[in-house]
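Colleague: Residue numbers (my numbering), protein chains in the order written: chain A, 31 to 201; chain B, 434 to 825; chain C, 204 to 1196; chain D, 3 to 458.
What the hints contain is simulated information worked out from the structure, not anything from laboratory work. Heads up, a few of these hints could be off.
Capping the alpha-carbon separation at 27 Å, the derived lysine-lysine pairs in DSS-like fashion look like this [claimed, not checked]:
#, chain 1, residue 1, chain 2, residue 2
1, C, K606, C, K373
2, C, K606, C, K633
3, A, K81, D, K195
4, C, K371, C, K468
5, C, K371, C, K632
6, A, K155, D, K446
7, C, K478, B, K555
8, C, K547, C, K468
9, C, K937, B, K715
10, B, K555, C, K938
11, A, K50, D, K213
12, D, K446, A, K199
13, B, K715, B, K442
14, B, K810, D, K213
Covered, in the sense of this in silico footprint (three residues per stretch, anywhere, with C-beta under 8 Å from a C-beta of chain A), are these stretches of chain D [what the hints assert, rightly or not]:
#, stretch
15, 201-208
16, 356-366
17, 391-400
C-beta atoms are modelled at their ideal positions from N, C-alpha and C, and glycine is treated no differently.
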Amino acid sequence: MNKYITAYYDDEEDLLRGLKQIKAKGIEVADVLTPFPVHGLDKALGMSRSKLTRVAFAGGAVGAIIGFGFQAWVFTQAYPLNFGGKPFFAVPSFIPVTFEMAVLFAAFSMVFAFLISNKIGPGAKTVIHDERITDDRFLLVVNVQDEENAHTIEAVLNDAGAHGITLIKKN
Amino acid sequence: MENLTFILKKKTVTIFLVMIAVGVLSLAYGFLGGVEVKRVAANLLLNNYYFLSLGLIGLFFVTVHTIAESGWQTSVQRVGEAMSAYIPVGGGLLLLFFVLGGLHSIYPWTHSDHLDAILLKKVAYLNVPFFYVRLLVFIGVWSLLAHYVRKASVNLDLHGDMKYFNKMRTLSAIFIVTYAVTSVVSSWDWLMSLDPHWFSTLYGWYIFSSMLASGFAMLILVIYVLKRMGYLSHVNDEHMHDLGKYLFGFSIFWAYLWFSQYMLIWYANIPEETIYYLERHKYFTNIFYVNLILNFVIPFFLLMTRKSKRVFTVLVPVSVIVIIGHWVDLYMAIMPGAVGGEASGIGIVEIGLTIGYLGIFGLVTFWSLTKAPLAPKNHPYYKESMDYHTHY
Amino acid sequence: MENKYFKSLEELRVDPSRELEEQSAGDKSFILKLQRESAALPPTSRRDFLKAFGFTIASAAVASSCEQPVRKAIPFLIQPESIIPGKASYYASTFYDGIEYSSVLVKVRDGRPIKIEGNSLSSVTKGGTNARTQASVLNLYDNARYKTPLKDGSETSWEQVDAEVVGKLKEINNRNGKIVLLSSSVISPSTTAAIEEFAQVFPVVQHVEYDVISASGILEANHASFGQAFVPSYRFDKADLIVSFDADFLGSWLSPVEYTKQYVKNRKLVDGQKKMSRHIQFEGTMSLTGTNADYRVQMRPSHQKLVLANLLNELKALNGELKASMPEVSQDVKSLAAELMKHKSASLVVCGSNNKKTQLLVNEINNLLGNYSVTIETDVILKSRQGIDSRMTQLVSEMNEGKVDALIVLDVNPLYDYPEVTKFAEGLKKVGLTVSMPVVTDETSAAVTYICPDHHYLEAWNDAEIKTGFYSLAQPAIRPIFNTRAAQESLLRWAGNTTDFRAYISNYWEKNIYPKTDGLFGFTAFWNKCLHDGIFESGEKDLVPIAYTNAASIEAFESAKGSSAGDVIDLVLYSNVSVGSGKHANNPWLQELPDPVTKACWDNYIMISPRLADELNVVDEQLVSINGSVTLPVIVQPGQEYKTVAVALGYGRQQTGVPANGVGKNLYPMLSLIEGTKSFDVYDVQLAVEAGTYPLAKTQSHHSMEGRELIRDTSLEAYLEDPQSGNETRLEVKKHLKSLYPEATFDGLHWGMAIDLNACTGCNACVVACSSENNVPVVGKEQVIASREMHWIRIDRYYKGDPNDPEVVRQPVMCQHCDNAPCENVCPVAATTHSNEGLNQMAYNRCIGTRYCANNCPYKVRRFNFLDYTGADSFTGNTYDPTDMTTDLRRLVLNPDVTTRAKGVIEKCSFCVQRIQEKKLVAKTEDRQLRDGEVVPACAQACPAEAIVFGNLNDKNSKVSQYFASERNYHLLEEIHTLPSVGYLTKVKNKTV
Amino acid sequence: MYVSPLREPLIRGSKDYSQVTKDILAPMAGKPSKYWYMGITLSGAAALFGAWATFMTVYYGIGTWGLNKTVGWAWDITNFVWWVGIGHAGTFISAILLLFRQKWRTSINRSAEAMTLIAIACAGFFPLIHMGRLLLGFFILPYPNTRALWVNFNSPLLWDVFAITTYLLVSLVFWYIGLIPDLGTVRDKASNKIRKAIYGFLSFGWTGSAKHWSRHETVSLILAGLAAPLVLSVHTIVSFDFATSVIPGWHTTIFPPYFVSGAVFSGFAMVLTLLIVTRKALNLEEYITVGHIENMNKVIIITGSIVGIAYITEFFMAWYSGVEYEQYAFINRATGPYAWAYWIMMTCNVITPQLFWFKKIRTNLVATFIISIFVNIGMWFERFVIVVTSLHRDYLPSSWVMYKPTIVEIGLYVGTLGLFFTLFLLFIRVFPVIAIAEVKSVLKSSGDNKKDSHHE
């Protein structure tokens, strides 16, 4: 059996303040669902910085290498042709395509990594806890181990000024 | 509580004076030690231009953020203003250099008896009197605007009156517009005309981008030095991050313009244009590539991550490299035309004179820092600057 | 390698006696026999052709399509012996259209003639051709050709025609009526014999020679001076001083190809030659010849006689005679006379006038200068102008009087080109029997009863004697495409002689010409050699009956003294280098050929001086009427004499094919007949500005070089002092020619072309040759107006100096095959690249038509197929072909070695890469190096001035390398480092600066 | 975050988050207005005109245009560059303003990006249609073929293929990533099942999880970091089309930054043109305030001035070069047969935007609207001047000609305008025109009802 409690705030400042209180009580908040990115929330939840930048860098590097390498291969190995007396290994000519390839690969690798890491994508099935979380509600999710635990949590949440505290059971 | 007033210590002054002495000695060596006059003159021009430009970028930093209604930069605004104090000094030195024979010694077009058909067509522009007229206008306008911007900024801090804030905005706008034109034209006059046959429409902006990158590097360095001295504690990682991003961005921007100019000339391969790069390829092969590495490759890879822009251990070395790099870039711009490939080199004159000018620049800048509180607390956006987070 | 000259297809037929031997040789010989039998069946003599015809249509379709499926292919079941698919044969032949002559080689590919080249064995034309000769192959495939004999416009059979005509002729002959045979000047000895034979059978026959562009004035003047009407041989190569009065001898006067060869020979400063003739041109309108002159003096045509009289007067004075008093002229004839005197016996004065008295003055001038027998040979006469105008005038009167019972028209077109055309038409109605023997539909044939279509010259046997002793032969290069019959054969048949004309000619030559040789090898060998060479030059002379007498000239001089220089507007009616007399107006190549002076095509127009234009307040394309009868647009022509206007003849055809009908206006009715003689100068015309404008198709609209050193020139004096003169910039430019990357090297071959601007006269022969060789599409007037002409080679013409009296310079420009080609760099799909022989190549299949290359070409030589001009597009029904060039018949002229280009593709000069490849293969099979001069592009081949030299730049001894090494050599726009493979030699004018 | 009281609020009116959602989603709900129908009829008709012109071009060939042997590009490439330029504003606003932390971008970036995508689609149409053999256009792709022939990597047109494709794809992704949370909002506000399903699919299952938001911000920022040089590179490469050549007036080194600046200039002008109408029509005046318009006008002054300096630099350098061809090209621009185009360009691009130095003018919507149209016209003529006047008289005077457009060319241009407005009108019905989440994120700090006490 898997259970969790949801509760919401109407304002992000109340949310941040409440979070502090909840954390101080040693309660782990599983997730916070917000209608917009709340500044300082990631710190408050103790999240580490995203590693997507590294994916982007790797993608960009691969794109650049493929871009440059392919052009160089075509011009010097596969089919060297004399274009207006330019050297076969015409580095300045290769730069624009290399750059575009780097950007393309970086952007797409990162975006795919983003979608995969978030497990979202076209047709993704996710739980919508409250239709107002994309409007004006800030929803807390706290995992619950047992009944007793649930009560404690509910109390803490209540103290922290959260509304609509609900226990949800998942099977 | 932070230390708001900068006090110039004797030790610091001594260091700068020693540097200046090194400069004077190497100048003397240049004249007496059998170094070609041309080479000495070209070095004087290089350093005059370089440090004058750094001063101008200081002013540019202040004014551009002022008109952009930006707030975060107010924490380091004084440093930019202090750099701009060098403008009248550098301008004077440059004027002196030209008057005392610098003009005639390295600018081929000043030799009216050696004008060929193409140069004769340009006489309406490239002639000594008109050159001086422009020179005086540039230096005069820059110095005056530097003075008034600074004055308005200090007054704003003193009186906290919005009148000064608006005045500063107006002056900034005037400076930006003037500088947009004068930076370009002055680079044609002082640098491009060293190769009087050659021309490139991008040249002015290219030189500007070079100075922009080095100017921000210098700004970072001065901030670093001040912080090391225990000042500017209100300047935090976020501010450095932004400056680092500038350095990163302008290094890429410089590379972009370098590539644009080089590639277009390389591609069309028209002799009247390629001659510029041919000379540089032939006599300055290593420097040609070193230039790219110092000014693009190193800052690009080292400043790519978020962290590197926030820690001085990366930011400072990169800034030093970029400052050296753009010195090299100017060297590439000046030497082939002024001195010629065979007579050029990097030796006592080059290094010594640069140290000397750095001394003057440092002295003026730090002296200027003593004249006003380091944090313009009454600036309307100062508070924004203090409450400044970048979470990227 | 030399071109292989073959005899005709018929000559190559297998000897029948060998047939028997082969019969036992099994299947193969059986097949051969079948083939021969089928060839022997009477109506199937055309079958070989039809096979080739079918194949070639198919191959044209293949060649002309980039990705279309082959719609129709008829393979050779049995391979004809003389046809090797893919290999061209060359047949020597003769082009003569009643006006102009050229000894030619006909290139035949897969059974069809596709290209005309000059025959270098001829010492008259020396391998030169002009635009019309080059274009004549297309006339063979003219859609407007008569395909069968016709009676009253409906198809009939030869038997029927023969029966009816012979019946009528006999009837007329019997009642002692009058039969007139009307032709242009006949230069064919065999034809003359045939006509004589015809006249013997029908004694009432009178032969009238009617020359459209006649030389009556010269003929009659010479008759007065020498006792015989003839046109002498002019020797421009022997003259150090050439003075021409209105004679456009490089463009249209008498024998322009021959004269160009001679003229240029004496003016080319290559191979160590330092001497150059001086050429002074007096003229009213701006002619091709005038633009080439060292000095050009403006002279109104109505002043011509007086100027000549003044010149004669001055010469007489210099000769010690008393100077007669006469009205003065504005031109400086005094110093001209002095200059002429300095070049006594080495000068040449020619005059384009058709007036006997004027020509008499010229005769006397030449006589005084001692030019006869030196620069004017009277013992070798030019036979292409024999018609005396007054005879034609007389004929027309007789027709109107009803005195003519039968008129047989031999490929002339008086209903179009006779000045008093209505009078001729009226007269024609009164002639009982009218027969015409045209090749292509024309106005005259449309009005006659019987049309007996003649072969095109490429289908026919013929011979010619253009000048005394200069014989040549014409042989068929293809079987007659249509049911036509040689005109001579028709005449012979009507006269009861059924010999075919080939046999007739050979008999004639055996009897009359063979005896002029030493006769060592027998007639068959002689005949074969003549057929192979195309020519026979006997060296015989034509002696004039009397020595020069000046009585008539003196009389003319006396009468000229009384004339005065009037202040009237004169009209010059000239024939241009494209459509000429209008006979070939139905040739799209010629219609689209820009005039070398005005750069306009597809129309005639009034050339008017800038001053007069200002006075009339007109600009280009404004409609102006002449004498209220003809309204045409004007072109303001710098260099035109103030009150001289000029209009080209040859336009305004009404009853021929699609391209020509309705193009321009017919100006022949404006010619004045003075005492029965045509005058091509009409004095005192009235101009009136009409409402409206009319768009003219011009290929060049900007005429100044804008101070750019595109065409470099100098004077002879300066050149002799410093060969670099005029080309000084090159030294400076060469110093700065540096590249950021190593220059490409070409091992083996590196093709280059050098063009001697001093030799090029601007005659445009190269342009047509190029179109013919490379299947360059004709785009029509609308597209030329839209600046979309497709010519791969163009001749840029610029004016220098005073717009009222400018100097003219010319420059042929084609793809420069730059080794640093800006066009190649920018093609995204690599459709244009540089070959390892230095050629700038186009892969049409690869081209997607971004036109980037054309934009980036500084020479603007790349041409884009804006529409589907050739029918090669993958869509159907969108072909844009206003000139009917894509009919099956017209397409037979396509060169199968060159792809026709589809819509949306860029094309340009390839240095005739197909010719390069062909010669390379020959050299390869012969296991040797290519020889210098072996590869000749079409333009160079056609050039009568030999201005274009092509070869290997890597071979330092090649002619092109030597040209490139010359101080005069420069490259166009060299300063932008495109490294062109085309060089130009500076133009040198023999002019005192 | 503290915001100085000096700064004007970016969102007017006292609003809470729910109100923001409601306001921005309002245009998507209900039946379109009659103005919307009129608009789409008009633009649809224009697009049909373009379809006819496209057929004529493909079937009969480029000959249906006014081009000739000398002028190989004219309206086609002029329109291409014009549209690409317009397509620069969106990414500039989203990427570069994001990097420079200009908060005012939040209200305009969504529609500006949509406009960018549509403009690039319009732009991309021209290089395709300008090909003589459109059906073989795939030759331009480096795909393995039987002849083992690749493409020419030296060709700026090929670089264009890569640049435009990359730009379109990255812009699309950038736009869509930003759109995902808002699509979640649309989904959750949808009353009808089908709508819910569609937006549910399009929103990729967005939940608003803090972790997702964190990654979302990283992705947005890095994409901005990638898009910023990309946006420079695109117009740079477009400028290479001309600058790599040897044609006077085309070959000049200043082109890359000058084109980029001109692109941003024209892009902002088009954004202004659209938004001034849109904010009124969709009642979004409180989100797209005069302050936004003023800020954009400032960008117009800066970029317009840069462009002006570039014009003057080019002109001076043509004289200074001493190269006769170069000199003539510029004299011809200013005094030749197309001088009228040059002076329209100068007036619209250099003089008109200087009016924005006056605060009265740059805060006046009518004046801004008119000037933005002027800039659009001026920038079209800038490209026309570069493309046509440089080509029509280049090196050899023998080839100098004039160029005149035909109805087919006009049809193609009008057609893309029709397409542009049609797609934009569809966009405002289908997607939220303002980034809801982003506006919400600045509502507290920059809204009218901001709490001054916050973050003391």
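Colleague: It remains to establish, for every hint, whether it holds in the given structure.
Modeller: Here is how each hint holds up against the structure:
| no. | hint | result |
| --- | --- | --- |
| 1 | C/K606 to C/K373 | 17 Å, holds |
| 2 | C/K606 to C/K633 | 9 Å, holds |
| 3 | A/K81 to D/K195 | 37 Å, violated |
| 4 | C/K371 to C/K468 | 54 Å, violated |
| 5 | C/K371 to C/K632 | 16 Å, holds |
| 6 | A/K155 to D/K446 | 32 Å, violated |
| 7 | C/K478 to B/K555 | 43 Å, violated |
| 8 | C/K547 to C/K468 | 20 Å, holds |
| 9 | C/K937 to B/K715 | 19 Å, holds |
| 10 | B/K555 to C/K938 | 21 Å, holds |
| 11 | A/K50 to D/K213 | 18 Å, holds |
| 12 | D/K446 to A/K199 | 35 Å, violated |
| 13 | B/K715 to B/K442 | 47 Å, violated |
| 14 | B/K810 to D/K213 | 38 Å, violated |
| 15 | 201-208 | holds (count 5) |
| 16 | 356-366 | violated (count 0) |
| 17 | 391-400 | violated (count 0) |
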